[in-house]
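All chains, full assembly: derive it from the sequences and hints.
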Amino acid sequence: MPEITPLVGDVTQTVTAELNQNDTIQRQLTAKDSYERTIMFRSKDHVNNLKIHVPDLYLSKKPSKFMIQEMVLGTKLDKVAEAFKDIAPDMKRVVVEEMSKVWIREVLFGSGFFHSDLHQGNFLVKFTESAIQLNILDYGMGGTLTSEIQSNSVLLGAGIEALDAKTISKAFWTISDKRKGRIKREQFEALVDEKIKSIRAGREAIPGLDMWAAWAVNSGLVMPYEFVNLNRGLAIVGKMLENSGSTETIASLAAEAAKESYYKVFKSMKAAGATIGEIIRLAWGAKRGPKLTSEYIAKPPTAMAAGRACQGLF
1 MPEITPLVGD
11 VTQTVTAELN
21 QNDTIQRQLT
31 AKDSYERTIM
41 FRSKDHVNNL
51 KIHVPDLYLS
61 KKPSKFMIQE
71 MVLGTKLDKV
81 AEAFKDIAPD
91 MKRVVVEEMS
101 KVWIREVLFG
111 SGFFHSDLHQ
121 GNFLVKFTES
131 AIQLNILDYG
141 MGGTLTSEIQ
151 SNSVLLGAGI
161 EALDAKTISK
171 AFWTISDKRK
181 GRIKREQFEA
191 LVDEKIKSIR
201 AGREAIPGLD
211 MWAAWAVNSG
221 LVMPYEFVNL
231 NRGLAIVGKM
241 LENSGSTETI
251 ASLAAEAAKE
261 SYYKVFKSMK
271 AAGATIGEII
281 RLAWGAKRGP
291 KLTSEYIAKP
301 PTAMAAGRAC
311 QGLF
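Position 138 of the sequence shown, counted from 1, bears residue number 138 in the numbering used here, the numbering being contiguous throughout.
Do not rely on the hints blindly, as some may be mistaken.
What the hints assert, rightly or not - Each pair of labels, with its calculated beta carbon distance range:
#1 K62 x Y262: 44 to 52 Å
#2 T275 x Q13: 48 to 56 Å
#3 H46 x L73: 18 to 26 Å
#4 G277 x S147: 36 to 44 Å
Keep in mind that the hints were calculated from the coordinates and are not lab data.
Note that the coordinates shown come from a computational prediction; the quantities given were computed from them, not determined experimentally.
All C-beta atoms, glycine included, are put in the ideal place defined by N, C-alpha and C.
Structure, rendered in structure tokens:
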């Protein structure tokens, strides 16, 4: 029973959050400010406007059990991409990449808002000559990172990109719930250091942020719900990129966003407690790339099977 308690707790919190209508309404209103925009769609054979739209809500002045929103038209991206494959054969990839860019920029350098269930069942696409309309739906799962989690997530991403054990340990420890954790700081730092050595030696693949987070939880850290929810979103967006045939990853899109927001990166890392020297060292390490003594082995991580909490599974 003690071993399944975290799983029951996580499931309860997740389902309760998804079924909370007032919270869903607030997330959709936040998404309206965060995601709504028109950007240029550029594929190999087609140029168009890509309009990312969050349906309007019609709110009652009195308490109501109903949530009423604007009707939007469209179908799943796969069907639209198939229907217009002669006009824009790479439509699926480009739409997913552009949506993912908006998603990751908002998480790291915007309001901190994220939709954590962004799969094809939760957005509709409508293709016209004047625009490709992308309607993002279902805000039952999502959230907004606190400024502390956001700044430490930027620091964590920089540490992962540079394979810097000290930075990764520091960011994870700051984000985690120290009261509930099952591991001491020095023990966790030793585990991170050992994992970095293993990666550099080519004994395991280079993990992304989502896999690092799952490993940290399985190692004894307990993350706040917002970070767990974000990690779920990271996994889903990452899988969506992979399924679209894109060569982009969450890491590459985050790196691209960071290059466009140098000052915001600097401010975030300073807010997370990084010194000027540490920032320069991380930037240099990320630019050079990780030094590996042999080709890393791209195998699915087996440690995930040990995760009994949703935090580990996500």
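We went through each hint and held it up to the structure:
| no. | hint | result |
| --- | --- | --- |
| 1 | K62 x Y262: 44 to 52 Å | 49 Å, holds |
| 2 | T275 x Q13: 48 to 56 Å | 36 Å, violated |
| 3 | H46 x L73: 18 to 26 Å | 21 Å, holds |
| 4 | G277 x S147: 36 to 44 Å | 23 Å, violated |
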